[in-house]
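Student: Read off the chains here:
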Amino acid sequence: MSLLSDLINLNLSESSEKIIAEYIWVGGSGMDLRSKARTLPGPVSDPSKLPKWNYDGSSTNQAPGQDSEVILYPQAIFKDPFRQGNNILVICDVYTPAGEPLPTNKRYNAAKIFSHPDVAAEVPWYGIEQEYTLLQKDTNWPLGWPIGGYPGPQGPYYCGIGADKAYGRDIVDAHYKACLYAGINISGINGEVMPGQWEFQVGPSVGISAGDEIWAARYILERITEIAGVVVSFDPKPIPGDWNGAGAHTNYSTKSMRENGGYEIIKKAIEKLGLRHKEHIAAYGEGNERRLTGKHETADINTFSWGVANRGASVRVGRDTEKDGKGYFEDRRPSSNMDPYVVTSMIAETTLLWKP
Amino acid sequence: MSLLSDLINLDLSETTEKIIAEYIWIGGSGLDLRSKARTLPGPVTDPSQLPKWNYDGSSTGQAPGEDSEVIIYPQAIFKDPFRRGNNILVMCDAYTPAGEPIPTNKRHAAAKVFSHPDVVAEVPWYGIEQEYTLLQKDINWPLGWPVGGFPGPQGPYYCGAGADKAFGRDIVDSHYKACLYAGINISGINGEVMPGQWEFQVGPSVGISAGDEIWVARYILERITEIADVVLSFDPKPIKGDWNGAGAHTNYSTKSMREDGGYEVILKAIEKLGKKHKEHIAAYGEGNERRLTGRHETADINTFLWGVANRGASIRVGRDTEKAGKGYFEDRRPSSNMDPYVVTSMIADTTILWKP
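First to last, the protein sequences are chains A and B.
For the first sequence, UniProt numbering gives the first residue as 1, with consecutive numbering after it.
For the second sequence, UniProt numbering gives the first residue as 1, with consecutive numbering after it.
Simulated from the structure, these hints should not be mistaken for laboratory data.
Predicted model, so just to flag it, every value in this text is computed and none were measured.
Think of the CB as a built atom: it goes at the ideal place given N, C-alpha and C, for glycine as much as any other residue.
Computed list of chain A residues with no C-beta within reach of chain B, every gap over 10 Å: (1) Asp-56; (2) Ala-111; (3) Val-123; (4) Thr-139; (5) Glu-222; (6) Ile-265; (7) Leu-275; (8) Arg-276; (9) His-277; (10) His-280.
Incomplete in silico selection of chain B near chain A, CB under 7 Å: (11) Leu-3; (12) Leu-7; (13) Leu-12; (14) Thr-16; (15) Arg-34; (16) Glu-66; (17) Glu-69; (18) Lys-137; (19) Asp-229; (20) Val-230.
Derived coverage of chain A by chain B (criterion: at least 3 residues anywhere in the stretch with Cβ under 8 Å from a Cβ of chain B; other residues may be distant): (21) 5 to 19; (22) 76 to 90; (23) 223 to 235; (24) 306 to 312.
My request is simple: use the sequences and hints to build the entire structure.
Tutor: Written out as structure tokens, the structure is:
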């Protein structure tokens, strides 16, 4: 209806200084995003200038009914691609009224790790490759797949084009521009090996902002699929059988790795990661054992391996990095439903703070 | 949904200098186009200023899993008609990490032919007539044809108009404008003899750019059919029986042919092509034997034949060229699924470099 979109797209700056701020937080499952909006008297660009807020934690499995208030602390601001103008999205984390982070608040600990002087000095960079699957609403069968059946086998779909190979590009392209508009450091997109599966990359982001940007990008993605009447899934193995899973490969480097001689630092870091394989895997996402089978470009979940240009390894080092003697490496283990605060801070902690 | 198209059509130049570059390459079958996008810090107009990139060759049949990186070198830039603004399409070719062109990279050898001084001096021009068929999704039956049956026989459809004669014009017309927007030298379009079949022409293009422009025009076409939910086919004989096939007639001239006395040069060139008929046919597209039967405006695949205004010949010389004593000629043998890098460079090689 054109009148409805006229109203949605109203440019309020002509009639009012007021702005709308959409406060976003992660709910009780650790994966469900929630948000609500409030009016503010004028434009804000610094999170510390935004008021704290609260919500009903008993409705998101995060507080009991008789003591239901959960407090939201604003942490990062992005431009709102849906409301545009001076309106904003605000990534928040959650605390009890007494000021303690809730158990589901993974940002708090991550922020502590990233503010440790040894970590801050190494300026850790992250590039996260977020994969996801689009599903038809109501049937929850992948977008483009025939109801009651399967598409032709994997092969033609990776970076493919055409009505018989690419399903949902309008969502992906709208998301790309919306994230750039919002100020998220989205570095690229591609169609994935399984039809109906896509990937976007965010980075390089420093420290805690990697997590903030991924959560904001996930939020924008789910708002866009909502508009499109399609369901987004971050399940790591949405369809069993000869169909690729979905991951969140995390590319990582520190200042030392990016400088001359960095390749040795990289190898030492990979060695430390290998010694803590079980601990990392436990924190790298629910259901990952259905994805990390050793097939479909993964390494088996119980095995830690690394290699140059090896997509069947736990950790992959790019040929460029090997050639230049410095650069970054890719941890291919995290699943699509990982918490980026947990994964990024754990990689920093193991490689920079932990002594074996 | 208008809100989705609002996001797809966001003009980012108001919020950021960043641009999106869609890197395009040819996959393992030699005909499947692939692409993925990346963000660049600002506008770029010169391919040599674009970074090389890489992709997962194990997912396109071009590299093994344990050594999967294939490097793409940017070769030509076109404006992106889908994202518009300063966003670009980048035609690339594919190399091993060691810098060797991979077997499916036909551009590399073509570029060598086109940079030979004798070829450069002759400024070879190409005008390629790309035919294609539109198919209904899921059943792969031509667009506009009754399911389970056939339309009336050929006759009314060539350049026809009307809901009962022209099927898919919206795709054809949007492709025409999109290509002009992109900077492709598209010179015309027409509806073809078989209903649901169309043709566009690109040229005159000099040397290697003929191939670049055809591949990008094919890419834009398949992106448009993706939007229109229609399947694109470059099969040379999509429907058996009394239905025309699809070709990629290649018009050709050199500096000498375009100057006074050029007709004699043309006759000599056609003679050379006749001596290498078998070699050319072998490189002029898969499945061409189903199309080149001697009927439906083709010459039999085993026969080399040329004539003025003769559409039943392998090579046709236009009446204008005969009258003016100079001009160009049309090689009618290449099929719609030919590789333009192969065909254009082979014609130049045989007519300019090869000594019988």
